[in-house]
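Visitor: Next come the chains, spelled out residue by residue.
2 protein chains.
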Amino acid sequence: MTLVNINARRLWQRIMSMAEIGATSLGGSSRLALTDEDRCGRDLFIEWCRQANCEVRIDRLGNIFARRPGTDPECLPIACGSHLDTQPLGGRFDGVFGVLAGLEVLETLNDNGIQTRSPLEVCVWTNEEGARFTPPMLASGVHAGVYSLEYALARQDDHGISLAEALEAIGYVGEVACGSHRLGAFLEAHIEQGPVLEREQKTVGVVSGVQGSRWYRVSLTGQEAHTGSTPMLGRRDALAAAARLIVEVQAIADAHAPLAVASVGHIENVPNSPNTLSGQVELTIDMRHPRVEGQASMESALRQASAKVAEDTSVVVQLNRIMDTPPVDFHPDCIEVIEEAASSRGYRYRRMLSGAGHDACHLAGVTPTAMIFVPCAGGLSHNEAESAELNDLAAGTNVLLDAMLHLAEQPPEADQVRASATAAAECSQH
Amino acid sequence: MTLVNINARRLWQRIMSMAEIGATSLGGSSRLALTDEDRCGRDLFIEWCRQANCEVRIDRLGNIFARRPGTDPECLPIACGSHLDTQPLGGRFDGVFGVLAGLEVLETLNDNGIQTRSPLEVCVWTNEEGARFTPPMLASGVHAGVYSLEYALARQDDHGISLAEALEAIGYVGEVACGSHRLGAFLEAHIEQGPVLEREQKTVGVVSGVQGSRWYRVSLTGQEAHTGSTPMLGRRDALAAAARLIVEVQAIADAHAPLAVASVGHIENVPNSPNTLSGQVELTIDMRHPRVEGQASMESALRQASAKVAEDTSVVVQLNRIMDTPPVDFHPDCIEVIEEAASSRGYRYRRMLSGAGHDACHLAGVTPTAMIFVPCAGGLSHNEAESAELNDLAAGTNVLLDAMLHLAEQPPEADQVRASATAAAECSQH
Chain F
1 MTLVNINARR LWQRIMSMAE IGATSLGGSS RLALTDEDRC GRDLFIEWCR
51 QANCEVRIDR LGNIFARRPG TDPECLPIAC GSHLDTQPLG GRFDGVFGVL
101 AGLEVLETLN DNGIQTRSPL EVCVWTNEEG ARFTPPMLAS GVHAGVYSLE
151 YALARQDDHG ISLAEALEAI GYVGEVACGS HRLGAFLEAH IEQGPVLERE
201 QKTVGVVSGV QGSRWYRVSL TGQEAHTGST PMLGRRDALA AAARLIVEVQ
251 AIADAHAPLA VASVGHIENV PNSPNTLSGQ VELTIDMRHP RVEGQASMES
301 ALRQASAKVA EDTSVVVQLN RIMDTPPVDF HPDCIEVIEE AASSRGYRYR
351 RMLSGAGHDA CHLAGVTPTA MIFVPCAGGL SHNEAESAEL NDLAAGTNVL
401 LDAMLHLAEQ PPEADQVRAS ATAAAECSQH
Chain D
1 MTLVNINARR LWQRIMSMAE IGATSLGGSS RLALTDEDRC GRDLFIEWCR
51 QANCEVRIDR LGNIFARRPG TDPECLPIAC GSHLDTQPLG GRFDGVFGVL
101 AGLEVLETLN DNGIQTRSPL EVCVWTNEEG ARFTPPMLAS GVHAGVYSLE
151 YALARQDDHG ISLAEALEAI GYVGEVACGS HRLGAFLEAH IEQGPVLERE
201 QKTVGVVSGV QGSRWYRVSL TGQEAHTGST PMLGRRDALA AAARLIVEVQ
251 AIADAHAPLA VASVGHIENV PNSPNTLSGQ VELTIDMRHP RVEGQASMES
301 ALRQASAKVA EDTSVVVQLN RIMDTPPVDF HPDCIEVIEE AASSRGYRYR
351 RMLSGAGHDA CHLAGVTPTA MIFVPCAGGL SHNEAESAEL NDLAAGTNVL
401 LDAMLHLAEQ PPEADQVRAS ATAAAECSQH
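Listed in order, the protein sequences are those of chains F and D. Sequence positions in the first sequence follow this note's numbering and run 1 to 430. Sequence positions in the second sequence follow this note's numbering and run 1 to 430.
Please keep in mind that the hints were generated in silico from the structure rather than gathered at the bench. Where hints are given, some of them may not hold.
[What the hints assert, rightly or not] Label pairs and their in silico Cβ distance ranges:
id, chain 1, residue 1, chain 2, residue 2, range
1, F, Ala385, D, His159, 54 to 62 Å
2, D, Leu26, F, Gln156, 17 to 25 Å
3, F, Lys308, D, Leu26, 55 to 63 Å
4, D, Pro271, F, Met16, 48 to 56 Å
5, F, Asn7, D, Ile322, 53 to 61 Å
6, D, Asn110, F, Gln318, 56 to 64 Å
7, D, Ile322, F, Pro271, 13 to 21 Å
8, F, Asn320, D, Asn7, 51 to 59 Å
[Stated by the list, open to error] Covered, in the sense of this in silico footprint (three residues per stretch, anywhere, with C-beta under 8 Å from a C-beta of chain F), are these stretches of chain D:
id, stretch
9, 132-145
10, 187-200
11, 210-217
12, 225-231
13, 252-258
Don't be surprised by glycine CBs; every beta carbon is placed ideally from N, CA and C.
One chain only, chain F, in its complex shape (with noise of 0.2 Å):
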């Protein structure tokens, strides 16, 4: 296979583009799911494929993919993408990069006159991001199969405008029927959002799998009284007994190391006021681990603390699962092509967990599915100043278009799909 190099500064020009639609003052993007906005970046998108000579089809949830034909019509299509969404207040990066990244391999092997045996395809999932309808990675769930499509049209966003009539709005209900689309692969070139590879000055990360994620609501429930006259023997004093309890989360997640984490990022203290002892807190717990068994025994651990910190203080503690999301593993055979491209190429590269999750994360449940990790400034994302460099970009798509090239030609085992989360588990030294 002759080795040849995407177009660094189309890629970054292209970027920058789609960045000036739902520009924001501080140099990120707004561009919530199905709105003008994003109406304007799919547009956009879609008339670059078509300069692509891509044929576009859209299904019913406005899911797009763009393809370019292969040789052999019998193969499925070996696909990569991501969403044009934004949060809010989002960055230029998160998502865009995917999708972009997707239309430059396709682009590179229109100016290298490469032809594939499998047509090569790139997907937009609408909603992703969840800032607008609620679940986040809505649509690429429908294409799993783990939402319904009835589901996902009654969702409404905070005006109580439903996802159908925003969809419609926009022009971009389409014609084929969720899920009915297959692909013979699936990869996902994302930023990291986190901070390790640009700690481990690496360039790529090649993405084994997602950790599993739960999160728990807590209810704290103990006594106002007087700050001044309420000795402290006999307080029930909610908030002292919440933030012996955020100790013990940090504590969990530090006897299960490496591979956990855990955070409250969410409290409200009720009456809240100095001098008063707080009555009622509620907070929500994140705990995340690669593994069902790490998750389990996280969990375990923190009923348990739960349990002694309401003996200990006389606050009442009552502590609810709200989510819970099992641990993906990626495809083997995706995950070694791309550490395969990676290595070729000689950038510095490792094998890594999502921490986030990410539409392949569904993708990963009906198709053969791995991500490709990119660095990004600080780690930062869901903010207007999410920043990557030009350089760790190109690498990333110059994996994607390998790792594509290779599927291409041999597709994955689609049996293998779900493997154990052990495996994935176990490779990552996350």
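Using the hints, position chain D against chain F.
Guide: Then chain D, alone, in the frame of chain F:
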């Protein structure tokens, strides 16, 4: 001296009549300072005083002095009292009990035809709660020379109305120059607003002083990051650091037991999203101790703990003291005469410190002063559900009666005002 008893039924009925003014749906009272409700409460009190043949004087800040004359025109008045303003949703007893207990003492002396050498007075202090105009205990502070008259008159409420305008509007600008009306002693009867008396089944608290309090504003600055994709190592999680600090605050109080209390009642977390590590936390620490050395030791421990948390978490911790109220010691003669009265009457009593601030704190700086506490249900105050027992209120009022009769014949030594903090702290078992 003949042992006479106050009229508990009359006291109770007057407390209930006062509670009708600004009555709230849940059985409390809403008489914010210098509102129409406050005016009605003042008018009712003055009407009762005139029916009891008292002379009523009012100073420039609306502080009311109702006098029952004595036999020796050379003697300064032996005074008692508290306040009639309430929290926005306050209870029936906070402040009101102290004022109407004083009136009941005067009525009882009338009923029994008892003359006193010194005149007796009941005081009503303006804007004790600080709920409409900050700071609390404002007009007693001006009386004691802690604040200037101009400062007090310029205070504004949330609607930009000055205290001067509000006072004028309800017609309570008096002729007496603030601070010119000298008192020979001041006794304040009050519900405890804490759980100690109820827990120990005591009827009377002989209050020897008020603990000092310091407030600290703490800003913790970390780094926002994705909870899933940011490894535990290298995080700068402001809320995790805040939790450690709150736990340390509890430990500092425990290390200074049994005299110390310390609390965090107020916390703000940014961005407060379940899957984003906290970038910024603001919290307020309330630390109290009856001795200045204790306050200093707690502050030193707090500064060490903050530095340790900052070092361990890589979160920037800024600690600022925003309030410093030194401990107050009440006058030994006043304390003794209250204790003697409680003992003679056979009431279960204990010496204790006040955890909360009261007008008596300011009065103690210029006049021999002490306080009498009675239990309140569950220690609950600043709450519509505030509740106290008739028998306890009557007992506290009988103690007030006896103590005022004693002081009216043998006034306390004014040169012992502002005795050392240590003496009062050491006699407390709080």
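Visitor: It remains to establish, for every hint, whether it holds in the given structure.
Guide: Structure-based check of each hint:
As the Cβ distance of Ala385 (chain F) to His159 (chain D) is approximately 40 Å, the hint placing it in 54 to 62 Å is violated. In this structure the supplied range 17 to 25 Å is violated for Leu26 (chain D) paired with Gln156 (chain F), their Cβ-Cβ distance being about 37 Å. In this structure the hint that Lys308 (chain F) and Leu26 (chain D) lie 55 to 63 Å apart at CB is violated, the actual value being about 36 Å. The hinted range of 48 to 56 Å is not satisfied by Pro271 (chain D) and Met16 (chain F), whose Cβ atoms lie roughly 27 Å apart.
For Asn7 (chain F) paired with Ile322 (chain D), a C-beta distance near 59 Å keeps the hint of 53 to 61 Å intact. For the hinted restraint 56 to 64 Å between Asn110 (chain D) and Gln318 (chain F), the CB-CB distance of approximately 58 Å keeps it satisfied. In this structure, Ile322 (chain D) and Pro271 (chain F) meet the distance hint of 13 to 21 Å, their C-beta atoms being roughly 19 Å apart. Taken as a hint, the range 51 to 59 Å holds for the pair Asn320 (chain F) and Asn7 (chain D), whose Cβ atoms sit roughly 55 Å apart.
Check result for the stretch 132-145 of chain D against chain F: violated, 0 residues qualifying (beta carbon to beta carbon below 8 Å, three or more required). Closer than 8 Å: that is the beta-carbon criterion, and the stretch 187-200 of chain D has 6 residues meeting it against chain F, so the requirement of 3 holds. Residues of the stretch 210-217 of chain D lying with their CB closer than 8 Å to a CB of chain F number 3, which satisfies the three-residue condition for coverage. Counting residues of the stretch 225-231 of chain D whose C-beta sits closer than 8 Å to any C-beta of chain F gives 7, which meets the bar of three, so the coverage hint holds.
For the stretch 252-258 of chain D, the stated coverage by chain F is satisfied: 4 residues place a CB nearer than 8 Å to a CB of that chain, which reaches the threshold of 3.
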